[in-house]
Structures are given as structure tokens and as C-alpha cells.
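Read top to bottom, the protein sequences are chains A and B. Under my numbering, the first residue of the first sequence carries the number 1, and numbering increases by one thereafter. Under my numbering, the first residue of the second sequence carries the number 1, and numbering increases by one thereafter.
For the record, the hints were derived by calculation from the structure and aren't laboratory data. Hints may be right or wrong, so weigh each one.
Said to hold, decoys possible - Sample of chain B residues at the chain A side, in silico, Cβ under 7 Å:
hint, residue
1, A40
2, N64
3, Q73
4, T340
5, V344
Claimed, not checked - The list that follows gives simulated cross-link-like pairs (lysine to aspartate or glutamate, EDC-like), each with its CA atoms no further than 20 Å apart:
hint, chain 1, residue 1, chain 2, residue 2
6, A, K76, B, E77
7, A, K12, B, D335
8, A, K15, B, D334
9, A, K12, B, D334
10, B, K173, B, E188
11, A, K15, B, D337
12, A, K15, B, E77
13, A, K223, A, E128
14, A, K83, B, E77
15, A, K76, B, E188
As the structure is a computational prediction, the values presented were derived from the model and not from experiment. Backbone N, C-alpha and C define an ideal beta-carbon position, used for all residues, glycine too.
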Amino acid sequence: MISISGHYYSGKTSKATPCCLHLQGDKQVQLVEVGGYFALAQLRIPARVGNGNRWVYFPDGSSFESADTDAIDQLKQAQPGFKLHLHTFESHYRYIVASLIITVAFVVAFAKWGIPATTALIAHSLPEQTNTLIGNQSLALVENSLFSPSQLSQQRQEQVLALFQPFLAPHHQVLIRHSEALGANAIALPNGTLVFTDAIIELTNDQELLAILGHELGHVEHKHGLQQMVRSSLILFLYMMVTGDAAGASSSVTALPAFLLEQSYSREFEREADDHAIQFLHQHQLPANALASALNKLYHANNIAVDPETQSTNVQDYLSSHPAPPERLQRLSQTP
Amino acid sequence: MSEHQGAFASTPSPAKKAYYRVNFTGQGGEYFKIWIVNIALTIVTLGIYSAWAKVRTRQYFYNNTLINNTSFQYHGEPLAILKGRIIAVILFVLYSFAVHSLPIIAVPTFLIFLAALPWIVMRALAFNARMTSFKGVRFNFNANYTQTLQIVLLWPILLVFTLGLIFPLVKHKYYEFVAKHMKFGTSEFAYQGKISEMFIIYLIAMAISAGITTVMVLIGVVFAGVAGLASGLEDASGVMLWLASSGITLFIVFYIALNLVIWAFIQAKTVNLIFNNLTLGDNRFYADLNFSQVAIIQFTNTLAIIFSLGLAYPWAAIRMTRYRTTCIQVIAADDLDNITAEQVAKLGAVGDEAAEVFDLDLAF
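Work out the full structure, taking the sequences as your base and the hints as a guide.
Here it is, written out as C-alpha cells:
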């Protein structure tokens, strides 16, 4: 016979009545001090979670509370029907270790392969119009704040456009703009618009400009802009999944890993675009070292150290959106 | 039972007054096991288990929160929560795509979201209240759409026009609103805090912020001075690089510390203000959270979570919950035994799940 001591609550008022619950035979329970009888099968007994207080709910809305978890478990065990023993999972070390392995493996695999693969899949399956729309919008957004009309001569601008023309597909569009903020730089928008700054055109020769064009076309080809947008949502999803509720963690804690992860994917994109540029140079029989020499000039112009000795690349690598210069140049010099 | 009685236990009580300190019996190690199993099962069931995970987590925290040895109860049904969660996630995905597309779609979508916001908040508060009971008596929350609209839209919109200056007033209105419509059985809660007290909390927070910022600026000046001296050297690049990187590191450390201290201060003082001015019928509450204690717990929690790559989360959550709950006392007029229960209607979980998915912060 199971006998459990605890408190009875009528469900009509908050009055606690000290009470003993007896299991009589195997079908009926008696609330001794209260004088009620209930069929065991009709009781609702929530499964055990840790070692908190346990509750038994009766069909008339009354309830019974007890701190005697083991006795309540026996009572639940005596009930007919299927029972899911979640507490077993939560109290045996082999299940805990297995859970830990599953979780860590999932998080690592999802970050390494899941996010890039899913973003690429979504980005490439969205209709071309999405790219056009986003590109038009982002251009409109930055056109006035980042750029001003080019200060190069009309003749030089036409020269550059003519140089690029044979390599462009119909959906590509090249713009030349002056930009104080970006300096010597080129950016690719999802709709195929490529913006070259005055400074980058002044800095580099024709072959180097073409190498940079190849790099930017790589961003467009691989839909990096769109992937970046999809990815942010996925990282957020991953984070929500792991922490469940982020009640205890402050927002600065939650933002940091997401930021680091974003930057590491961004570096992967740059590598992909570099590869595209090398292929582009090769395909059009241009000198393979044009990209490396363009990068060297850009690093020099922007005062970025190239010598691996002077750099603490490890920490910076995680913070940067581009691969570390020495690593990037080394990769380029290894390509045949 | 005597060990759960609060600091006032020795106070002579003419009426049958009882002082109960809220007790929290959750353990970091115990919660870790529940948490990790929850995540693993959620992964292998492709997210379906997350509804069961939520219920078990809630039950763990509720069943370990005790007043006078009686625990809180959570009644959320996993299947109902799963249903609500699926609908909420679908809505969220549609919303995310819509607001990132053409303005012609994005603007109306955002307006629809704004119109739905009071409904979401109202249903989430009601769902959580009705799924909670204590001593066999359910909590309840009843506010209508217009009342909620004022609190979650009108006041925040005014915030924009007053450059954020009325933020404490908006907070005050929110707590007043939640308390006013919250019931425990047939007993009603009421919040009688003064608006001025809420303003004082934020004024002091601003003063602390200004103080720390001054220190930051002074350090910045020192660094700039050293940099100026160093630039006169033959080979300055190494020194400059060191100055720049350590300067940035210091700045980040100060920024995080500032955020933490301000957050802890506002948290602690707000919880104290709310509970010290909250009544439930003839029952009152008392909270004495210490803000430096909250800051220390939050700081060490943050470090533990970062260096354990997230695995210390359950321990951190338990630690903070334990401190926050055990700082609260109930000043009961009569043993809390005479509260009359009231039938509460069933409610879908969509609002509560939407509040979670859209990351609305409804807690204090």
C-alpha cells in the first residue's frame, strides 16, 4: 500500500489541508483527512521534473501536493496506460553525455555546413527579381549617404566602362562614384550593380581593375548579398534553439557569438570571390598575378600591414570581415 | 517552516500577519540535465519536442519556487503550445520575408504587425497567468484590446516624440496595467507606485552612466596623449599598434561594464519598486534586491557562459533566479488561506508563442 503525506487543496479556496493520500488495492485512492475517494485511473499526475514539489490533480478540480517525489512516482507507476519516462533521461549520466554529444555535434555541424548550405540553397532558389529588388533598394539607400558623383574626367570614366564592357552580362551594371567613406574600394550589389570608387580606379592599372571586376562578379555570381540576409535569420534561429529562453543571458552575450560567426562566413565569401577572380583572369588570358598586385596596392593605400611577422592575425581573423592579408596573398600566389 | 520566514519574523504582529520569504530550491546541476536533454530531444525530433521542453522547464522552475513550502504550478499543455508555436513560427517567417521585400509589401506588413501587437501581448499575459496556479488557485489576466493598445502602442509612440524622456513613465504605465488586470482567484492585484520613483531610478542610472563615461573619456585622453608622444619616436608603428589595440580593448571592457552596471541597477531597483508597491487584496509584498549583488551575479554568469561556450547557461539561470526570487517576501494578512478561486476560460497559446518568437520582452 502506498501512503503519501502532503496537502489537499479544494480548488475552490486556497486553504491548505494537511492530508494523507492512500492507495487502496490497486484501483482507488483515499484522501484520509478530507474523506474523498477517487479512481486511480482518473488522477492526472504530471511527470517528475527534477526534485520539485509534486502535484496530483483530481477530476473535481481539487489537487494534492507532496514533496515525497518517490512515493508520487510509485503512484504514477501504478496507473494504467502508457507513461513516458522523461525523468529517466534526465537522471542517468549515459543519457546526459549522449545529449551533450548530440547537441555539440549538431551545433558545430549546423554552423559549419548547415548554415552555408541552407543559405546558398535559399539564395539560389529565390527568383531573380528578389535580387533585383534588394539591389535597387540597397543602392537607393546608400547612393546619397556613401557616394557622390564621380570626379574623374568623362573620358577616363568612359575608358573604364569600355574596358569592362566585354566581360559584363546584360544584368550587370558598372557605376563609378566618388566616396569619402569607402576610399579605394569596389562593392557588388545583389542585382548585379558594381560600384567602383574613383580612388580605386586611380590606384590600379587596367589589368588590376579587371582582376577586381572578376572578384566583384564572383560576389554577384554566388549571390553573396542575398545569402548574407538569409544567414542572419538562420543564426538567430540557431541561437534561439540552443538557449531556449534567453532570460538569464544579457543581450551583449547573445550578440557576440552571432557576430563572430557572421564575420567568419563573410571571410569565406571573400575567398570564394577571390577564386572566381583567378578563374576569370585565367579564362580571359590575363596575368594571374593581377589580383595579388591589386590587393597589394589596396592594402598599401589603406595602410594595412601585409608582412605576417607584424600581425597578430589570430585574434583579428575572428573580428575581420576579410581574410588576413598575408593569408589572402599567399593563397593567390599558390594558384597556378 | 520557520526557516522560510523572513527578516520580519520577530516583528510583533497585532493582526494575524505572516511574513513568508519566497524560497527557490532549483539546483544548477539538476537543471543542466533537464536542459541538455531538452535540447538534444528537440534536435532529434526536428523541433517538435521544443513544446515539451518548454513545459518541463517551466514546471521545473515553478515547482521549485515555494512560499511557505507550497510550490507554484504550471499547467501549460505541450500539444496546445506546439500548435501555437507552429502558427507563430509560420507567421514570423512570412513576416520576416515580407518586411525585407518591396516597400509596397513591407509597409502594410509592418502595420498589420503593429495592429496585432496589442493582441499578442494581451493573449501572452493572459495565457501565462491562466497556466499558473498556487495552492490550487489559478491566476488570471483580463485586459481588452483597447486597454492593451494604449500601453503597448500609444505610450511607446509618445516616447518617440519626447526623445525618450518619458521612458520611466511608459514603464510605470506598463506595470500598473499588468497589475491592474491581474488576479489571483477572485483577489485583485494593484500597483500603487509613484511615477516620480520610477523617474528617480532612471535619473540615478543616467548619473552612473555619466560618471563611467567621464572616466572613459579621461582614459581616452591619456591614451591620445601617449600616442602623441609616441609619434615623435623613430619607429612609432609598433607602439601605435599596441596603443590602438589596447585602447580598443579597454573601451570594449568599459562599455560592457557600463551596460552591466546600468542594467543591474535598473533591474534591482525596478523589482524593488514594483513589489514594495504591489498589493493583492490585504496582502502586501516586500523586495530588497541589492543592485551590486545583481551586477556581480550577472557579470560572473556572463563570463561563465562565454568561457563554457554556453554550457554554463543552466547554472547561470538558476543562480539569477534564486537570487531574484529569494529577495521577495510576502506579507500575508492571513496565511494566504482565504483566497477564493475563480473559473478561468481556456486560451490558445498562439499569442504567447508569438510573443516568444517575435522576442517581445513582457517580463519585468
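Discussion item. K12 of chain A and D335 of chain B were given as a pair; does the straight-line alpha-carbon distance stay at or below 20 Å?
Written reply: It holds: about 16 Å lies between the C-alpha atoms, which stays within 20 Å.
Practice prompt. Given the hint that K12 of chain A pairs with D334 of chain B, test it: the Cα-Cα distance must not exceed 20 Å.
Written response: 17 Å, holds
Worksheet entry | K76 of chain A paired with E188 of chain B [C-alpha distance capped at 20 Å] | With Cα atoms ~36 Å apart, K76 of chain A and E188 of chain B exceed 20 Å; violated.
Worksheet entry | Holds or violated: K15 of chain A to D337 of chain B, with C-alpha atoms at most 20 Å apart | 4 Å, holds
Practice prompt. Measure nothing beyond the straight line between the CA atoms of K83 of chain A and E77 of chain B; if it is 20 Å or shorter, mark the hint as holding.
Written response: At roughly 16 Å apart (the allowed maximum being 20 Å), E77 of chain B and K83 of chain A satisfy the hint.
Worksheet item: Does A40 of chain B pass the interface hint, meaning its C-beta sits closer than 7 Å to a C-beta of chain A?
Response: 3 Å, holds
Worksheet item: Against chain A, is N64 of chain B within 7 Å by beta-carbon distance?
Response: Holds, because the Cβ-Cβ distance from N64 of chain B to chain A comes to roughly 4 Å (cut-off 7 Å).
Practice prompt. Compare the distance between the alpha carbons of K15 of chain A and E77 of chain B with 20 Å, and conclude whether the hinted pair is satisfied.
Written response: 26 Å, violated
Item to complete: Given the hint that K76 of chain A pairs with E77 of chain B, test it: the Cα-Cα distance must not exceed 20 Å.
Response: Holds, at about 18 Å.
Worksheet item: Do the numbers back the hint for Q73 of chain B, that is, is its least Cβ distance to chain A under 7 Å?
Response: Holds, about 6 Å.
Worksheet item: Hint check: is the beta carbon of V344 of chain B less than 7 Å from a beta carbon of chain A?
Response: 11 Å, violated
Fill in: Per-residue hint verdict: T340 of chain B, partner chain A, C-beta under 7 Å
5 Å, holds
The structure shown violates the earlier hints numbered 5, 12 and 15.
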